[in-house]
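Colleague: Single-letter residue listing:
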Amino acid sequence: MSEKVLEVRNLVTKFNTDRGAVTAVNGVSFDVYKGKTIGIVGESGSGKSVTALSIMKLIPTPPGEITDGKILFKGQDLATYSDSQMRRIRGNKISMIFQEPMTSLNPVYTVGNQIEEVIKLHQAHGLSKKDIKDKAVEMLRLVGIPSPEKRVNEYPHQLSGGMRQRVMIGMALACEPDILIADEPTTALDVTIQAQILDLMKKLQDELGMGIILITHDLGVIAETAHEVVVMYCGKIVESATVKTLFNNPQHPYTKGLLESIPSFDSTKSGEKGRLTTIEGMVPSLFNLPKGCNFQDRCFNVKDDCRGIKGPPQLEKIEANHAVSCFYPVGKESSI
Amino acid sequence: MFESTLEKPKSLWLDAFGRLAKDKVALLSLLIIVAYFIAAILAALGILGGTWEQEVGPSYHPPSREFWFGTDIFGRDVLQKVFQGIKVAVSVGFVSAMISIPIGIFLGALAGYFGGIIDEIIVWFYTTVSSIPRIMLLMGISLIMGKGLFAVYWALGLTTWVTLCRLIRGEVIKHKEREYVQAAGAIGGGHLRKLFRHILPNVMHIVIIQFSLQFQLAIKSEVILSYLGIGVQGMPSWGTMIDDAKLELARGVWWQLAGATLFMFGIVLAFNILGDALRDALDPKLKGK
Amino acid sequence: MGIHIYILRRLLYIIPLILGVCLIIFLLFNVMAGDPTHLLLGKHATVEQVRELRAELGIDRPWFIQYFDLVKSSFTFNFGRSWSTKQQISSMIFQGIGPSLTLTVPAFTLGTIISIILSLFVAFYRGKFLDKMIVFICVAMMSISSLVYILFGQWAFAFKLGWFEISGYENGFPDCIAYIILPIIIWIMLTLGPDVRFYRTVMLDEIFQDYVRTARAKGLSEPVILFKHVLKNALIPIITYVVISIPFLILGALLLESFFSIPGLGGIVLKALNSNDFPVLRAMSILTSVLVILFNLVSDILYTIVDPRVRLQ
Chain A
0 MSEKVLEVRN
10 LVTKFNTDRG
20 AVTAVNGVSF
30 DVYKGKTIGI
40 VGESGSGKSV
50 TALSIMKLIP
60 TPPGEITDGK
70 ILFKGQDLAT
80 YSDSQMRRIR
90 GNKISMIFQE
100 PMTSLNPVYT
110 VGNQIEEVIK
120 LHQAHGLSKK
130 DIKDKAVEML
140 RLVGIPSPEK
150 RVNEYPHQLS
160 GGMRQRVMIG
170 MALACEPDIL
180 IADEPTTALD
190 VTIQAQILDL
200 MKKLQDELGM
210 GIILITHDLG
220 VIAETAHEVV
230 VMYCGKIVES
240 ATVKTLFNNP
250 QHPYTKGLLE
260 SIPSFDSTKS
270 GEKGRLTTIE
280 GMVPSLFNLP
290 KGCNFQDRCF
300 NVKDDCRGIK
310 GPPQLEKIEA
320 NHAVSCFYPV
330 GKESSI
Chain B
0 MFESTLEKPK
10 SLWLDAFGRL
20 AKDKVALLSL
30 LIIVAYFIAA
40 ILAALGILGG
50 TWEQEVGPSY
60 HPPSREFWFG
70 TDIFGRDVLQ
80 KVFQGIKVAV
90 SVGFVSAMIS
100 IPIGIFLGAL
110 AGYFGGIIDE
120 IIVWFYTTVS
130 SIPRIMLLMG
140 ISLIMGKGLF
150 AVYWALGLTT
160 WVTLCRLIRG
170 EVIKHKEREY
180 VQAAGAIGGG
190 HLRKLFRHIL
200 PNVMHIVIIQ
210 FSLQFQLAIK
220 SEVILSYLGI
230 GVQGMPSWGT
240 MIDDAKLELA
250 RGVWWQLAGA
260 TLFMFGIVLA
270 FNILGDALRD
280 ALDPKLKGK
Chain C
0 MGIHIYILRR
10 LLYIIPLILG
20 VCLIIFLLFN
30 VMAGDPTHLL
40 LGKHATVEQV
50 RELRAELGID
60 RPWFIQYFDL
70 VKSSFTFNFG
80 RSWSTKQQIS
90 SMIFQGIGPS
100 LTLTVPAFTL
110 GTIISIILSL
120 FVAFYRGKFL
130 DKMIVFICVA
140 MMSISSLVYI
150 LFGQWAFAFK
160 LGWFEISGYE
170 NGFPDCIAYI
180 ILPIIIWIML
190 TLGPDVRFYR
200 TVMLDEIFQD
210 YVRTARAKGL
220 SEPVILFKHV
230 LKNALIPIIT
240 YVVISIPFLI
250 LGALLLESFF
260 SIPGLGGIVL
270 KALNSNDFPV
280 LRAMSILTSV
290 LVILFNLVSD
300 ILYTIVDPRV
310 RLQ
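Residue numbers (numbering that gives the first Met the number 0), protein chains in the order written: chain A, 0 to 335; chain B, 0 to 288; chain C, 0 to 312.
In case anyone wonders, no lab produced these hints; they're calculated from the structure. Bear in mind the structure is a predicted one, so any value in this text is a computation, not a measurement. It is possible that part of the hints are untrue.
[To be verified] Here are the simulated lysine-lysine pairs, DSS-like style, with alpha carbons at most 27 angstroms apart:
1. K149(A) <-> K127(C)
2. K202(A) <-> K3(A)
3. K129(A) <-> K231(C)
4. K290(A) <-> K35(A)
5. K146(B) <-> K42(C)
6. K13(A) <-> K127(C)
Isolated chain A, as found in the complex (with noise of 0.2 angstroms):
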């Protein structure tokens, strides 16, 4: 068994608003291991970045707070380093790339100067000038970038989309860090370098051994790539599997919703005449949640309990590695 590098636990992170506070993330729990990725899938909107940047510590404390929750980094509790403890752990032990690669690298210098700016950050100690250039170039390489000699003394417009994604993944890896988070990190990608990239990813997991938390609203994404899945809705997390277990055996209605709106070439999968389907209603405001449980307007399978009766529904575990947060779980092997 891989070793456990990552323990979430009840994490709760709020914002104010001049509306209100809006918890964005709502006592979620998981767990991330040596080289295995977890992918968290939900709508915009569903807390996964913030979780992310909760992880990092990157939410700007105002409006911004984690009010609860473990973050247990080898033992340390992150939830409690101040910003310069957390500003050794960045960029050196827990990395994180965005969505954006077009405007997500500082435009006035060169792609090797910011890779070299990691590195001498966190890992400079015995290391020569040139020594962090070779390793820049390394990096370059490692992620599958051709002639980085050229290409690291080159600016970020210089190069397309997927390149400077590749970039960033190298920026975050330079270090050899035990996490690597990636939110989005294909979504602003064409489809045949999202592939590519995807595969460069799970090709330097497997070299370097770091665990990965995928942030995606794309199910086909996690197919691909993710060993175990949680699915975040409205701040909660309301299922969460392995991967396998998840596609073959989607409890919660909101994952089946959502793996039953992937468009499929196969008409048997789709609904009548060939129609996409689709979850019915809106995702509900965070400052007017209804009482019970986030999805009961939506939910196809909705009884007169989920309206609040017996409260919020919890995340139970219903089978080794498959827990779900739902009073009527809709699977075909349902042993609630």
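Chain A is fixed; fit chains B and C onto it per the hints.
Modeller: Relative to chain A, chains B and C alone:
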């Protein structure tokens, strides 16, 4: 971060109005401006400051209970003069804006919408006008129009339209290619219709912001014009009062300067604050503050 | 290649701009301002005197020749003679430029440096009370007429407190220092408000960019992010702004020179205004306009050099 979980955005104006309503400082500024406008009207009617020409006290009497801002060299009540100054300032701001704004909108819309040679000519025109330092232009115009309030209106109006023109041109160019304009064309809308009914309403927010900027710039410029001798004649304005102070200060007479500066500070500051608040509320490319 | 063509086009565009500027100045001072002979000779001039004067001043020539002369002067900088002092205008300019620059160059340099530092400071504390207070102070300072600053400054610090010279000037360095300190301080006070606000906006625009988020995710501290990442990007629009402001240094600070009796170009302009000395007014207008046009070009070119996104295509 959680855009879709918040309510759908209301229209730009409702949203802006809502945001402004919560900004207490901006609301206060608006109230102050309205108060000044009312005072200006009252002064024009002679109700406020109507007795400014009368000699009511000794020459250069310092501020007292009777004369809050003392008297000037002719024994006139400075406070009454300040009220007349409000009238002049508000009229200068207003009229000069009424001159420069239509020019700016007209030329900017024309240039942005039709493009091509019309655009080239208009861009060349406003580039040349803005290359000449404003103060030289003001002097030149005053040579033609002489001195006095009327000349001030035109001098300021004719020299401040360029910024608005540039901004409008930019916005019209952006909007011209947007779908809603092409849709209007598809259902048979001609050029004028597209321009007036569809594009211009969407650039009005720029006009409002510029109006507030230009208004206070005009008030400050009037002071300089008075100093140069090409400003308002024959009636008190804040500019003439501040200009008088250059001789008075050496004699220890500070109250005319203080009165004019104080009242000018009030309206200019209010416009600055309101203009900023408007820009924050109406500018669609809002980032976090 | 694209850049070189761009620069060439911009260079060529100067010509229609200068022609346009001369046209406006010509219309203002030669055509519309009316016949200056009556202003100069008084009401009781005879027809003979008027005709003589008109020939002497060159205003009896056809208009397109007068316009052509104007355009020529914008390239040769030979502006003829002043109507009031009868001096060669170009030598007047030559004499006046020194004192003007001793005032404006140090003022502008110091003012810019102080404003940039303040804006970095304010960007660091954005949203906090310090930021809001400084912004409010800037706005408040901008709400007072420049004349008031000059009047008050001169009265309070030179006249009453005697810390500085009230007015006057002495040529040459370091003799002039005593006379320019107060005007320099006043200039800085005048430009601090608008400049800090502008630079602050530029800084904040950069701070909210994605690359700053990446820098934080790398573990960099806020000060390093500000000074290394944000500043370098912010300098691009700042340099543009600074370069464009330079031509206005020539006019000296018109008002400051007048109040402090500094014999610079600003004073020359004011005297010309009072004496209806058209040639001088024309000359100064052309001089400053040509400089504005040139420096705008310089700023555009500089932009292509300084921004790697434009430089390397």
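Colleague: Does each hint hold? Answer for all of them.
Modeller: Here is what the structure says about each hint:
{"no.": "1", "hint": "K149(A) <-> K127(C)", "in the structure": "44 angstroms, violated"}
{"no.": "2", "hint": "K202(A) <-> K3(A)", "in the structure": "20 angstroms, holds"}
{"no.": "3", "hint": "K129(A) <-> K231(C)", "in the structure": "24 angstroms, holds"}
{"no.": "4", "hint": "K290(A) <-> K35(A)", "in the structure": "36 angstroms, violated"}
{"no.": "5", "hint": "K146(B) <-> K42(C)", "in the structure": "20 angstroms, holds"}
{"no.": "6", "hint": "K13(A) <-> K127(C)", "in the structure": "20 angstroms, holds"}
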